[in-house]
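2 protein chains.
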Amino acid sequence: VDDRLHSWRPGRTRDAILAFLDAARAVPIEERVACLDNDGTMWCERPRYIQLAFFIDALRQAVRHKPELAKTKEFAAVLGQDRDQLEQLGLARVALALASLFEDQTPEEFVDVVRDFMATAHHDELDRPMNELTYLPMVELIDELRALDFTVSITTGGGAEFVRAISRRLYGVPPELVVGTRVAYRLEQDSQGAPVLKRTAKLDGEVDEGAAKVAGIQSHLGRRPIVAAGNTAGDREMLEWAVGGDQPGLALLVNHDDGEREYAYQGKSASLKEQRPITEIAADEGWTVVSMKDDWTQIFA
Amino acid sequence: VDDRLHSWRPGRTRDAILAFLDAARAVPIEERVACLDNDGTMWCERPRYIQLAFFIDALRQAVRHKPELAKTKEFAAVLGQDRDQLEQLGLARVALALASLFEDQTPEEFVDVVRDFMATAHHDELDRPMNELTYLPMVELIDELRALDFTVSITTGGGAEFVRAISRRLYGVPPELVVGTRVAYRLEQDSQGAPVLKRTAKLDGEVDEGAAKVAGIQSHLGRRPIVAAGNTAGDREMLEWAVGGDQPGLALLVNHDDGEREYAYQGKSASLKEQRPITEIAADEGWTVVSMKDDWTQIFA
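Residue numbers (this note's numbering), protein chains in the order written: chain A, 1 to 301; chain B, 1 to 301.
Keep in mind that a hint or two might mislead.
Unchecked claim - With the C-beta cut set under 10 Å, the calculated list includes, among others, these residues of chain B facing chain A:
no., residue
1, Ala97
2, Leu101
3, Leu177
4, Val178
5, Ala211
Just so you know, these hints were derived from the structure itself, not from any lab. A virtual CB, placed ideally from N, CA and C, is assigned to each residue, including glycine.
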């Protein structure tokens, strides 16, 4: 009995992954790189991104001290959870506004705020701690990749530093292997002349989605992945790139078709022109589609 | 007998490093991060940066095909090895011009070009292959850091992708742990519609020196180092930052005082306002100054 990928139901999807893992043994270890999207691929992103829940929490605290904040267009949309308005403003602009809440924090202070939030935050609809929203089958996949000496990276459209604060605990992924949207830093001196690095309210580069995700991986990891997993059209370029090289590749598309145990929706991305369902694109591209309903015996640990 | 740091002569410098290594055992492994500058710290940078020698080689080949290239101001300065003119134009502008030589190459093609150059290039003054210009005592230091589970990063003002092409072979450092100046990429499609990532002639962000080096480390590694090594004022902020935290820290300043076996010069950086000798700054800051002449029994392997 093959006890790998324990929470994956026997069938075509699991077979395809196992066949790839076998084929990967022939790939030089330096080229064994896996890039896994985070929101909706490694953990739950509904009813809203966990990072957005974190931002809303921080925004509410900020508004308590400074009520006029609630009137800015971006914050009003976030507090009102106005999806149309958020989409109209665009992810980049909203992210920028939210980043301003943490301006002047040191990276270490920001990490503490994230960890404090995650330690107590609760997902009401699923009635689970936010800390326990990772998909067990995907964590098992990481285990198998790591057993083959893959370099496993989380590549997220979300904030790199947000994910880094928790990536080691959730996935065993160290901060330098998280590729994401970056905030710019400013180096200052304290009253004793010691250097202090502080967050600004500006992004350093683009939001890490679509083609920018591919460029971001190369810039950060210096290598092309042969495994990519995603769930929205914002992952499309990364998936195409992972299977477009000379080596055997694996492109996994997590399909949210389990309204019972999680959510049923078609992954789309706010920043996208392509509005076809991502599962249609997956079929055209020959990606391995993961049905959460049929392929996973268990979703959460 | 303590056989660590074999090529380090017994004395104050070696003792200081060994004392730090002992103290580091009490630091949580997640915080054991070392950032080592490359040019002049890990390998020889005279009479010119090895990357500059690589660029000159590529430029000469390009000029053979397209002679008018030699007339542009930046290329004329590089080909003439006109230090004053190069300093006046500024590192960023010259780097940008040189990056244009590799425009439209894929990252893999660029890596091949670097490796081809390094396989045959020779350092005439020292009469050694370019591949054998790393400082043996510094490689021994990496070994000791790694024995303590340090995350060891090369943090260079030079091109990240240039150093990544050789960092694993020279230092055992994988590409994702090289932090340096980044070129921007552009994602295209080939005639079959497959994605192809190509280098542009633009930088992505700043040249990785001074304060930008500190911000670059945080953005890339997501952690603050407790060990930093450098040799020019462009490393100053990184060294201050490494020893400015709550944990025990080690700031190493490699002093090029060995005109017999290597070169005797005071490390300075083109992009610097501070024109005091870096060894004076080191004394003020309490950094550990490494005398190549007195502290190293052997320089190259």
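Here's how the hints hold up against the structure:
1. Ala97: violated (20 Å)
2. Leu101: Violated, because the Cβ-Cβ distance from Leu101/B to chain A comes to roughly 19 Å (cut-off 10 Å).
3. Leu177: Nearest chain A Cβ about 7 Å off; hint holds.
4. Val178: holds (7 Å)
5. Ala211: It holds, given that the least Cβ distance between Ala211/B and chain A is near 4 Å, below 10 Å.
Violated hints, listed in ascending order, are 1 and 2; each of the other numbered hints is respected by the structure.
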